[in-house]
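Peer 1: Take each chain as given, in its own frame, and dock them per the hints.
Spelled out, the chains give:
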Amino acid sequence: MTISRDYQILAGLTLVFAILPLFANQFQLTLLITLLYWAYLGTAWNIMGGYAGQFSFGHSAFFGIGAYTSTVLFLNYGISPWLGMFVGAGFAALFGAAMGFLTFRFGVKGHFFALATFAFAEMSRLIAQDSDFINSTIGLTMPIIGGDSWSQMIFEDTKLYYYIVILGMLIVATMISIWIYRNKLGYYLLAIREDEDAAAALGVDTLRYKIIAVAISAAITAIGGSFFAQRFGFIDPALVFGVSISIAVLLRPIFGGSGAIWGPLVGAIFLTPMEEFTKIFVRNPPEFLSFMKGRAGFDVLLFGVIIIIVVIYMPDGLVGSIPQWLERLRRRLRGQSQSATQEAAR
Amino acid sequence: MTLLTIDHLTKRFGGLIAVDDVSFEIEQGEVLGLIGPNGAGKTTLFNSVAGTYIPEEGQVIFNGAAITGLAAHDVCQLGLVRTFQIVKPFAALNVLDNVKVGAYLRNNNSQITESKARDIVDFVGLGDLAHQPAKNLTTAGRKRLELARALATEPKLMLLDEVMAGLTPTESQQIVTVIEQIKEEYHLTLLVIEHVMQAIMSLSDRIAVLHHGQLIAIDTPQAIAADKAVIEAYLGKEFQFADN
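Chains as they are written, first to last, in our numbering: chain R, 3 to 348; chain D, 790 to 1033.
Next up, chain D with everything else stripped away, as it sits in the complex (with noise of 0.2 Å):
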């Protein structure tokens, strides 16, 4: 079942042509990784499927309903949610509190929400510092903090982008199984921008590569590692698969 389709979507600013009539469509259940140079359009992209830009023309498509220049907190109610690049922690607020926020969309009670948001801080293993602001963690925390609030507003599709920027190998890897066990654990679907590409090979299912805004190809990761436009325009050379 095709859970989210971008038909079409265009998004200008001014003159310049941030997405440019980029299509594609993921699976119920599927990870798609969306990969491609700095200022090729991957998180434009984000931010007009996401209700935070609306897009001048194309269509967005999400569990059925047409979601298109929907505001960010409707798509978000409709079970589609994303992280950004650039953290933003509630700064104040200790990491509970944070992910409670993201917990309270879908009940009022606050018992509830407090044991839910538990688990999930649990989860991403932030369960020791529970009760320390936001400010306070590091880098990787808050990355791990960005994807617990995400998780408990309950989402069905899951925009996260690039929960690796500046972490350490280890700190990527690290990130890298809690998102596969985010996939196991609450049957996710998940769009992931990323530039690690260790991360990214083995995460997806498919891949999907932006270039100037255009979408220049979308396949597996072993056809993307080989793609003559992709390794042009991106990878610059043919990416060597670890062996197992």
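So here's chain R without its partners, still in its complex pose (with noise of 0.2 Å):
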């Protein structure tokens, strides 16, 4: 049997994301961790905001609910954060689950679904912000347990240890992205996403079908959770239930092309480095720009330049896009060289 091209593909980006570590220093081992972890989250949004359509803005309600399960059972009944992902990812389908049975069992929509999953993720932070069984507002702390421990997923030494655990999440995401797209599941959601009345007439439950997009995404994202948990050693609710999560989650797979394969991660490649590299500027600029010293929130802002460039220029993101430009271009090049040789010709 042969590997189709996108497994190729992923053999070819696993080989390089292993290498990489080898060359790197404890500043760019962080930012690749950042960046496999944000290509992740970004891959699970992907499946219910690119390839269904549904346009999520509440992604932090999955989020935290996969950081609080996994954290709660580790604090509180020493359950192993390796089997508490699980269960927070399991409850964060079922959220999920119920969350679109409710909103699409009614027909909300585009824009008003957008917000529909907003109002979902923000009830969800006053719920948590509220309830003292999980500490409220004070947040969950992981203990200090000086070392590294592989059982526990705590990583206090060697963050090498962090990249491989987030590598290998995101090679397994992947892994079910690409089987959902070149499979049934994949072709109805984009039939759902491209016309949902011509997907219904040819036999597909739509409603059924963006339920099931929006728990595989939930499951996903909340496994993602559980990872910051793990990595951050701390979590409240307006950390991982608050809205800069659910904005940081769709940008990347906005920026490289939602409803591709490869957006998240491509998107995640040219934003994460862009973002660090802002804080770091914005720490210490250069003195003709020495009123930015300091300001937080610059990096937010250059995002906010960035989706508007998106949404103009390119609406098919970097993956989608560059393979217009080049055929635009090769054209150009083309006429010019076909009224050259017209030219010639007189």
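Hints in this document: simulated from the structure, not taken from any laboratory. One or more hints might be untrue.
The calculated DSS-like cross-link candidates involving lysine-lysine, where the alpha carbons are at most 27 Å apart (straight line), are [stated by the list, open to error]:
hint, chain 1, residue 1, chain 2, residue 2
1, R, Lys-186, R, Lys-111
2, R, Lys-186, D, Lys-945
3, R, Lys-111, D, Lys-924
4, R, Lys-295, R, Lys-281
5, R, Lys-281, R, Lys-161
6, D, Lys-945, D, Lys-972
7, D, Lys-924, R, Lys-186
These stretches of chain D come out as covered by chain R in the derived footprint (C-beta under 8 Å, 3 or more residues) [to be verified]:
hint, stretch
8, 850 to 862
9, 873 to 881
10, 887 to 900
11, 938 to 949
A quick note: this is a predicted structure, and the numbers were derived from the prediction, not measured. Using N, Cα and C, we set each Cβ at its ideal position, and we do this for glycine too.
Peer 2: Laid out in structure tokens, this is it:
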């Protein structure tokens, strides 16, 4: 059996990302972990927001459910986060399915759907803030264990282990994403995105498939939330249920190309270093830009500008637009050479 | 054998009765034309049969089962598929992938689906454009794509809603040929809404005429062409069959 091109690309990328840490210093390793982490979350968002076209502005709900479930299970019951993250995924999938049912069943679409997802995320944040058994607004802190522990997924000395975990997670998420895209489920989701009435007329149970897309996306996102809790060592409702997570999750796939398998990863490869360098830049700007020194939020401002540019010039994201640009360039070059030969013929 | 029975079907929008107590039957293997002036309720009748609308009164029985008020996707699952007057291609997907969406209804295997979709794309004459995005197709191409996608769901009965609207006479003629081939090759029963009289007269075994939501005549094309009420309501003058 031949291995399809998607999996060949995945194998190649895996190799590259397996080798990269060998040449990375601690700062670069942190950057790489962040990059893979956002690519992972973007891949999760893409299944719902990209493939199925159901724009979610509330992925922090799933993220927070994952972060809190694994952490509470670990802190209160001593259950390993390796297990807890799947429990969180299950909860998030259920929450996502319920949210999907409540919105899709009543025909909430487009902008209104995006707002509804935002409302669900805010609701979950407020509920978390008012729940004493998860320590309300104070949040939860991972214990300091003074070393590395694979069974507890806490690595205080060796960052590389987090890198290995998130790389593994990204590979699995990408395989799921590829499988969906190349099979019936993916075709049905794309059909729903393109025209729901036409999809229904061809026998697609649109409600059912949209809910499936939300549930899968939610489950993968929740595991990313668990990873965040393990790596960061601290969670509170504003941090993991906050709107900034929802925005950050959708930025990479939209910039890279939502609806494309590699969109989230490409987006993360471009945006993550840009975000980090902006932060560094603002910390210590050159003389003539000294007014920017220490202004928090400049990276967010930059992201705003990027989104505007994406929406105007490349609605299909990088993955979708680059081939179009190349084609246009090719045509222009060919056009020029044709007119040149016509000139010569005269 | 009767494939579809429409029994005293009524669809209202507020005070407007769009489909008014319509009853007729379609025999297995038959091509039934559905004509009538704009606003006569033809598309509403389609929508009420195929699950887009839920009719207020009456019954629809397809292949022995009552399908009144079933959702569109369930109706399609049972073997009744419809095309749209205003074509609805999955614009970003290529032609082959559009058809694969239809073909996935009957199996989950991607290879089988792909080869089946490929055959149908060739069959409707879009073979050379299989890998073009659907948004690049001409109107005639999009109409063919609608047929191909519907065909891929392996229906017993196809409802075609003005497949020839907006086409040149030549393109219409080509579509008529495709429809005739579909009927032969796939042993389908067809219910066809059409305004192009030449096409509908030659294609149909019988023709039903709607006017103000009511069925005013159902008969052979020859009889319909001479029917006083139909001429009054729709044709304007007696339809002249071309000499063969």
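Peer 1: Against the 27 Å threshold, does the CA-CA distance of Lys-186 of chain R and Lys-945 of chain D hold or violate the hint?
Peer 2: holds (22 Å)
Peer 1: Verify the coverage statement for the stretch 938 to 949 of chain D against chain R, using a C-beta to C-beta distance below 8 Å and requiring 3 or more qualifying residues.
Peer 2: Held - the stretch 938 to 949 of chain D has 4 residues with a Cβ nearer than 8 Å to chain R, which meets the minimum of three.
Peer 1: Apply the coverage criterion to the stretch 887 to 900 of chain D and chain R: a residue qualifies when its Cβ sits closer than 8 Å to a Cβ of the chain, and three qualifying residues are needed.
Peer 2: The restraint on the stretch 887 to 900 of chain D holds, since 7 of its residues have a Cβ under 8 Å from chain R and three suffice.
Peer 1: Is it true that the CA of Lys-111 of chain R sits at most 27 Å from the CA of Lys-924 of chain D?
Peer 2: holds (23 Å)
Peer 1: Taken at face value, is the distance from the CA of Lys-111 of chain R to the CA of Lys-186 of chain R at most 27 Å?
Peer 2: The given pair, whose Cα atoms are some 23 Å apart, holds under the 27 Å limit.
Peer 1: How does the coverage statement for the stretch 850 to 862 of chain D fare against chain R, requiring three or more residues with Cβ below 8 Å from a Cβ of that chain?
Peer 2: holds (count 3)
Peer 1: Does Lys-295 of chain R pair with Lys-281 of chain R here, judged by a C-alpha cut-off of 27 Å?
Peer 2: Cα-Cα ~10 Å, so holds.
Peer 1: Within 27 Å, alpha carbon to alpha carbon, are Lys-281 of chain R and Lys-161 of chain R?
Peer 2: Distance of about 21 Å is within 27 Å: holds.
Peer 1: Tell me if chain R covers the stretch 873 to 881 of chain D under the three-residue, 8 Å CB rule, please?
Peer 2: holds (count 6)
Peer 1: For the pair supplied as a hint, Lys-945 of chain D and Lys-972 of chain D, confirm whether the alpha-carbon distance does not exceed 27 Å.
Peer 2: holds (10 Å)
Peer 1: Need the status of pair Lys-924 of chain D, Lys-186 of chain R: alpha-carbon distance at most 27 Å?
Peer 2: Holds - the C-alpha atoms of Lys-186 of chain R and Lys-924 of chain D are around 22 Å apart, at most 27 Å.
Going down the numbered hints, you'll see the structure goes against none, and every one checks out.
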